[in-house]
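K.L.:
Chain by chain, the residues run as shown.
There are 2 protein chains.
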Amino acid sequence: MSIRPATPSDVPAILELIKDLAVYEKAPDAVKSTAENLHEALFGADPKVFAHVVDVDSKIVGIAIWFLNYSTWMGTHGIYLEDLYVNPAFRGQGYGMNLLKTLAQICVERGYSRLQWWVLDWNEPAINFYKSLGAVPMDEWTVFRVDGEALQKLGTSTK
Amino acid sequence: MSIRPATPSDVPAILELIKDLAVYEKAPDAVKSTAENLHEALFGADPKVFAHVVDVDSKIVGIAIWFLNYSTWMGTHGIYLEDLYVNPAFRGQGYGMNLLKTLAQICVERGYSRLQWWVLDWNEPAINFYKSLGAVPMDEWTVFRVDGEALQKLGTSTK
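Line by line, the protein sequences give chains A and B.
If you read the first sequence in the numbering used here, its first letter stands for residue 1, the second for the next number, and so on.
If you read the second sequence in the numbering used here, its first letter stands for residue 1001, the second for the next number, and so on.
Just chain A, with the same shape it has in the complex:
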């Protein structure tokens, strides 16, 4: 087993795991992404999103997809983990933990002050796992999102 940065040939397997995660998150039709735009995002010019994979005998069984955030308070970047997923047939072997450790190691090496991600409130097994690692729920905060028609409207209205 190795945890390593993704390479272009991993893209189809990564996309499959993204789709599996969407099913687990009860949104089976949510993935509009294609292998082409995932490839462009991860391996195009000056990428802004990154992936690490769990490689077991050349099979990709886990992914961490992440990008940089920034803390105006700390004055440093941090890592925001967008997707963390391990194929259910390969759970219980510490792969998820090792993906998190790999990202934490990048934070420590680069002087990033925070590693963050978000979790569905009903996903108790994940929440308990994260708390066991010293992660703290930011319970006071709620993320707001504008997308779709509301974003179009806001972005094209006169100022």
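A portion of the hints provided could be inaccurate.
Here are some, though not all, of the chain A residues that point toward chain B, as calculated from beta-carbon distances under 7 angstroms [said to hold, decoys possible]:
1) I18
2) V31
3) V56
4) W73
5) M74
6) K101
7) N123
8) S132
9) L133
10) A135
11) G155
Hint data in this document are derived by calculation from the structure and do not stem from the laboratory.
Just so it is clear, CB atoms sit at the ideal spot from N, CA and C, and this is done for glycine as well.
We have chain A already, so just place chain B on it with the hints.
P.N.:
Chain B only, in chain A's frame:
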């Protein structure tokens, strides 16, 4: 009044507004950032964080500090708004709204699918304002954070 991308000479004024926002968020001592590292983050080589300002007669009275996120479901980038703040003496004139519109416009122009930010749960005036723009609270989700000693420990433990 103009809303425009920040320039290097805006850094001291931006930092003051970051500090004012921390006071409003009941964390007056939270800002460790300095003018030097804010300048480096915004205007160093290949910046990963960006700022727009509200400029009223050459006085900076509002800021939006943001970076790119990425949706694995949509296969596109989006904007994550880290800080939005308007000097209280200059509120009620639509500056906050116009900062949000500016970011929404960037999303529309670049094909980004989402504009996101987070809000303290007790900040009802802000929450009502955001809902009036079509923003939706992602109530099902909680952000987890590892930082400080827990991050060091996670990042230096053996895998």
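K.L.:
Does each hint hold? Answer for all of them.
P.N.:
We went through each hint and held it up to the structure:
1. I18: holds, 5 angstroms
2. V31: Holds, about 5 angstroms.
3. V56: violated, 14 angstroms
4. W73: holds, 5 angstroms
5. M74: holds, 5 angstroms
6. K101: holds, 5 angstroms
7. N123: With a minimum Cβ separation of about 10 angstroms from chain B (threshold 7 angstroms), the hint on N123 of chain A is violated.
8. S132: violated, 11 angstroms
9. L133: holds, 6 angstroms
10. A135: The hint holds - A135 of chain A has a Cβ within 7 angstroms of chain B, the shortest such distance being about 4 angstroms.
11. G155: Check passed: Cβ of G155 of chain A comes within 4 angstroms of chain B, closer than 7 angstroms.
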